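In case you want the letters, here they are:
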Amino acid sequence: MKETTVMVNNKVGLHARPASLFVQAAAKYSSNIQVSCKDPDTKELREANAKSILGVLTLGVFQGMDITIKADGEDEAQAVEVLAELVKNNFGED
Amino acid sequence: MKTLSGIPASRGICIGPVFQFLRQELIVAECKVDDSQKEIKRLEEAIQIAKDQISSIYEKALTEASKADAEIFQAHLMILEDPELLSEVKKKIETEHCSADFAMKETAQTFSNMMAAMADEYFAARATDIMDVGNRVLRILLGVAESPTASLKAPSIIVADDLTPSDTVLLDKSLVVGFCTARGSATSHTAILARGLGIPAVSGAGDEVLAQTTGSTMILDGTKGQVILSPTENAIQDYEKRIETAKTMRDASMKHAHEAALTLDGRQVEVVANIGNVEGAHSSVQNGAEGVGLLRTEFLYLERSTLPTEEEQYQAYRAILDVFGQMPVVLRTLDVGGDKEIPYMGLEAESNSFLGQRALRLCLVRPDIFKPQLRAALRAGVDRNLKIMFPMVATASEVRDARKVLEECRAELRAEGKPCAENIEIGIMVEIPSAAVVADQLAKEVDFFSIGTNDLCQYTMAADRTNPKVASLSNAFYPAVLRLIKMIIDAAHAEDKWVGMCGELAGEPLATPILLGLGLDEFSMSPPMVPTVKQILRSLNAEEMKALADKVLQLETPQEIQEFVKEQVPFIAELVS
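The listed protein sequences derive, respectively, from chains S and F.
With the UniProt record's numbering, you'll find the first sequence wraps up at 94, consecutive numbering, no jumps.
With the UniProt record's numbering, you'll find the second sequence wraps up at 577, consecutive numbering, no jumps.
These are computed hints drawn from the structure, not numbers from a lab.
Just so we're clear, the structure is a prediction, and the values are computed from it rather than from any experiment.
Keep in mind that a hint or two might mislead.
[Unchecked claim] Straight line, CA to CA, 27 Å or less: simulated BS3-like cross-link-like pairs of lysine-lysine:
hint	chain 1	residue 1	chain 2	residue 2
1	F	K551	F	K566
2	S	K11	F	K371
3	F	K241	F	K224
4	F	K566	F	K255
5	S	K11	S	K70
6	F	K371	F	K255
7	F	K91	S	K70
8	F	K90	S	K28
9	F	K255	F	K241
10	S	K70	F	K90
11	F	K551	F	K241
12	S	K11	F	K418
13	F	K51	F	K90
14	S	K28	F	K41
15	S	K28	F	K91
16	S	K28	F	K153
17	F	K444	F	K404
The task is simple: from the sequences and hints, build the whole structure.
In structure tokens:
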């Protein structure tokens with residue numbers, strides 16, 4: 001299993017188009033991929049399937065929050081690297 | 001035979017079979033199923049069909065509607081492919097032994113509620129998407145027709161409660177001869193669509209039209225706003241004759257559609273079109289419009305999940321401007337308020353949105369919305385004949401504020417080294433009575449006026465134009481409205497500024513002589529009306545119409561005024577009979 005933590009810096013967070021780009025990218029890998037973040041108020045850990053648009057949206061990740069991407073499977077290393085890169089590049093936007 | 005009165009929404013007469021546009025309610029009962037595997041198989045098959053349907057709608061929306069419309073269907077596709085949603089539904093079938101229908105409905109509802117509960121406009125829109133997708137799968141599982149119009153096979157009159165833009169995206173327009181809605185008004189979506197297509201329409205005809213069975217014959221008179229149910233053979237023959245006469249006249253006016261509208265005494269009047277997209281642009285040119293008097297920009301903002309980017313707007317405006325070359329195109333900046341569903345703008349619902357923070361009022365406090373639009377317009381206007389107009393102006397200071405933002409945008413573009421249109425004419429919509437009253441002051445601030453008669457009438461008569469109960473008051477032929485129009489035109493001419501009109505009245509044949517007499521410089525209307533109005537203008541003497549207009553302003557009711565015009569200009573009476 002591989003995992004990495006990155007900060008979401010783009011304006012809208014993991015919503016709208018960035019969320020859909022993230023899910024589309026995750027869907028390309030066979031590994032089981034989870035994305036998690038800490039609730040900014042309660043500090044409770046929330047987790048979702050990175051291949052689910054509904055899951056990712058309901059995580060409620062806004063600008064400035066850290067997310068942890070965890071992958072488990074054959075292509076886990078590449079999956080984590082590419083997804084983290086996508087977040088770091090602000091999803092190719094702004 | 002029975003005649004019903006509604007609101008005239010789009011001119012013309014048609015006879016045809018009724019097609020009831022019914023949204024079927026999806027009733028799903030909870031029931032236990034033994035063979036869960038069979039239910040899962042049913043579910044998977046239904047989802048596959050739903051995916052195919054959405055893909056083909058997406059393709060269709062890409063070519064026919066705007067890219068923004070299409071994006072909605074792409075979002076639907078993603079929801080349908082969502083592993084969480086699918087595993088939830090399957091889990092429900094397996095553990096609770098319920099039917100695929102019930103599991104789908106419950107799960108869609110749960111996710112939708114979850115989104116709706118996040119108290120964020122963006123999620124509220126996703127909640128609707130999930131329900132839309134869930135209902136599509138349910139329709140397939142239940143064997144209910146995909147869209148109410150899927151079974152529309154022969155040319156028909158579409159009868160509905162009211163229609164939304166998403167209802168009409170899927171409609172095969174070549175099979176629509178008329179629209180008849182039980183509710184709605186002369187300015188509702190259906191009415192605007194019908195006028196753009198040149199198809200007759202009657203709005204607000206009442207619930208009785210919904211009781212007509214599909215296939216029964218109906219006569220629709222969109223000029224008078226009448227609907228005739230179960231017409232007699234005689235009535236049908238009579239109306240067929242009228243349709244024939246109207247067609248002959250239309251063909252005659254079409255022959256001269258591309259000639260200038262020069263009155264008998266040599267006054268050149270500009271006849272231009274109201275459009276809202278690139279299809280409208282092509283239709284304008286075909287119908288002989290000499291440009292655009294009103295380019296509605298709302299189409300770029302509706303039915304999507306994020307604001308259109310500057311680049312997207314630039315492309316859209318440029319595509320339309322390119323159709324017109326050096327002909328004038330008046331772009332109206334965003335005209336929305338709390339009554340329009342634009343969830344991502346985060347507009348607060350207002351108790352009276354027509355009197356609320358809408359149009360320019362909204363844009364002035366939301367530079368994040370206003371500036372990208374102005375920048376896109378300035379860039380698109382390079383080497384084209386673009387004019388910009390601000391809607392919903394009540395005071396002179398609003399015009400100055402708006403011009404300031406426009407100048408800021410121009411300065412930004414220059415600093416960024418991007419080409420932008422210089423020396424473009426700036427105008428305002430005159431549609432609020434206060435603006436009409438101080439038109440002399442406003443005329444000093446702008447290059448032109450465009451009179452929006454729909455709102456001017458609504459605000460002057462204090463009659464909600466979407467309320468059929470006060471529809472009779474919502475009539476721009478009332479002398480109160482016509483006198484304001486005279487004030488506006490006179491005030492502009494005193495400052496050597498030109499005046500156009502882009503409200504419904506400009507495309508109304510009975511109003512043409514009055515408006516010509518009042519000195520209107522530019523008439524802007526839905527493209528199919530252009531040839532007729534041009535033909536009328538060519539048959540009138542502008543000087544003589546001044547006297548007619550003076551008399552009209554002394555009359556009391558719209559009926560008296562219309563009768564007087566018919567009497568004075570008999571050939572128009574024939575045209576509108």
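Original post:
Checking against the hints above, which ones are violated?
Top reply: Hints 6, 11 and 16 are the ones this structure does not satisfy, whereas the remaining hints hold.
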